[in-house]
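Dock chain H against chain G, hints included.
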Amino acid sequence: MTTYILRRIFSSLPVLFGILFATFALARLIPGDPCRAILGEKATHQACEIFIHEHGLDKPILHQFVIYVGEVARGDFGVSFRFSKPVAELIIERLPTTIELGLSALFLSVIVGIPLGVISAIRHNSWIDVLTMVWANIGVSMPVFWLGLMLAYVFALLLKDTPFWLPPSGRLTAGIVAVPFTTVWGVQVPETGFGRNLVDFITRMNVLNAILSANWKLLGDAIKHLILPSLALSTIPMAIIARMARSSMLEVLGQDYVRTARAKGLPYFKVVTKHAFRNALLPLVTVIGLSLGGLMGGAVLTETIFGLSGIGRMMYDSITARDYGIVQAFTVVIAIVFVFLNLIVDISYAYLDPRIRLE
Amino acid sequence: MDKTTSNQVAKLDAEGLSLKSVSLWQTTWRRFFRRKSALVGLVMLGILVFVALTAEIIAPYDPLEVLIGKEPVKMRQAPCIHLLGCPADQPQHIMGVDGNVRDQFSRLLYGARLSLMIGFSTVTFAIVIGTVLGAVAGYFGGWVDNVIMRVMDVLLAFPELLLAIAIVSVLGPGLINALLAIGIVSIPAYARVVRASVLSVREMDYVSATRALGGDNFRILFNRILPNALTPLIVRGTLGIAGAIIDAAALSFLGLGAQPPTPEWGSMLGAERNQVFTAPHLVFYPGFAIMFTVLSFNLLGDGLRDALDPRLAHVSK
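Residue numbers (our numbering), protein chains in the order written: chain G, 1 to 359; chain H, 1 to 317.
Honestly, the hints are just simulated from the structure, not real lab data. C-beta: ideal position from N, C-alpha, C; glycine also. Be a bit skeptical, because a hint or two may be false.
[Unchecked claim] The calculated lysine to aspartate or glutamate pairs, modelled on DMTMM-like cross-linking and capped at a C-alpha distance of 25 Å, are:
1) G:K224 / G:D200
2) G:K270 / G:D256
3) H:K36 / G:D129
4) G:K85 / G:E71
5) G:K224 / G:E93
6) H:K36 / G:E251
[Claimed, not checked] A few chain H positions that, by computed beta-carbon distances, are all more than 10 Å from chain G:
7) S23
8) E65
9) M75
10) H82
11) G85
12) D145
13) V154
14) L230
15) Q259
So here's chain G without its partners, still in its complex pose (with noise of 0.2 Å):
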């Protein structure tokens, strides 16, 4: 297992390198000056002549790249002008947001995804597989934006002064704090360093500060908040998921060791989750992990459609603001996460199924 692990992070180096050359070659091709491109159209000769000194901008195409992975590397995307802030802080203060957000939607995607799937594959042909696969045929049609917008309109206006109201923007209502769970536990954390980023991060997660300082106004407030993005966001995938689990099982419960299992008087229930659903399983981690690119892809619009200041929101924001040194940041920042986010899906597939470890 540790040799297929190591053998697999080896083998993703050349895309992460890849990555990072063909980011540094985009924000090369910038049509114009880079410096401008990326310091803003109204920076002064000066400021740029510092900064492309600072950057290496002067140096040869090759030296450029060097200077550039090690940035990376370092961490450092440089600093956003219109923030004046470096733009590593801007996405770790926003990343907690999309983080929650993705995770939120892929929990609905999953567990309601996967069941229906199952029932459809066992209860084959029946009207709840005929109505899951037109539903799950609609849902992987539906554009994020628009499903946001709709839900957002029934959900906020139509159903107002009803139990079922929910906002349509934003993450708290106005009026309820949320007091970080280090405070509420008494415990001092220091003004800066890595202990204070990671308190930081995690309490810009509403749902899991509120957990963990049992805070349950807060949390209901958070939920309440998240469930209409999450449900835009988890639709997509949802679907997929849906598909796949109905796909994959109908295949399985085909097999003869299905049969037999059937035959040597097991009852049906223990067939399906021991010998049929286990085996199931394979086909959909693989769609689960494809379907995280489409989540990341897709929070760029339910965060613009919510309010909702995650990276995705910012990425919107920068692009109107023509702020191109943040959308070239982001790209790197999503596009090793989406790397690393394949790794794990690989690894747990190699734990799920032998056969692929010893290949």
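Showing chain H alone in chain G's frame:
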């Protein structure tokens, strides 16, 4: 043919043991038409193509025409349909009027033309380049294969929409650049499909036979090997059109694709997204149109896959 034999043939037909030869395409079509969802997809696409071709005739207004001063309509006016009780003295706008006082229905009809064009052009672009890359990689192997496929791996390492956003941010916003970005992003999928089919038939006897007969690489590749990749390409391409349309709409929604006043569904929706509470019809219809189009290609693609690839037929019948 005398009566007894024709009776026998009919009997054999009834037992499914037909003597008549059936071509591959016939079986494919038969399998395709047996699926209700594939038929629904085909009909939906038929409607779209009809609308796209006849937009000038069906559309009651010019999609770019601003109606201020020409008609007594207000900005973002709700739909007015005479059949549903809208007073006859008011001009009919069955999907309402948009933020620039243009007829939403006419814009939607012209949008069909644009969306189909977007889908077909990006996928054609990606298929042509992907086929060349995949064929070269699979046929020649060695370092050529390695270099090409590693580049494809890098492209696949980015979430699709995000890479498209990054590319457009470099090229600059605009419909053509957005199409180019989506085209580039979709190349790896086709390159992989073609490479896999090339690898599976490269060492077959009929390929060696062609080589022995003096066929050059070009002839072997295009006449002997690539036809094998046609089936998976058609299936992937159909599903790819769905993906391309939804991605292009997303880019336009974000302001990176089609620019106003172009009647593109994504940008129509993006322009009115803040008015969803006051004028929901301006958000609902363009989004529904996107869904309708994407759904039609998805259904069609699934149907084609099941019809062309009998190995999968038992799984998702």
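Hint check:
1. G:K224 / G:D200: holds (22 Å)
2. G:K270 / G:D256: Holds, at roughly 16 Å.
3. H:K36 / G:D129: holds (15 Å)
4. G:K85 / G:E71: Since the Cα atoms of G:K85 and G:E71 sit roughly 16 Å apart, the hinted pair holds (cutoff 25 Å).
5. G:K224 / G:E93: Answer holds: G:K224 to G:E93 is near 22 Å, not above 25 Å.
6. H:K36 / G:E251: holds (22 Å)
7. S23: holds (29 Å)
8. E65: holds (26 Å)
9. M75: holds (19 Å)
10. H82: holds (26 Å)
11. G85: It holds; H:G85 is separated from chain G by about 22 Å at its closest Cβ, greater than 10 Å.
12. D145: Non-interface label stands for H:D145: nearest chain G Cβ at 14 Å, farther than 10 Å.
13. V154: At about 3 Å from chain G, H:V154 fails to clear the 10 Å cut-off, so the statement is violated.
14. L230: holds (24 Å)
15. Q259: holds (13 Å)
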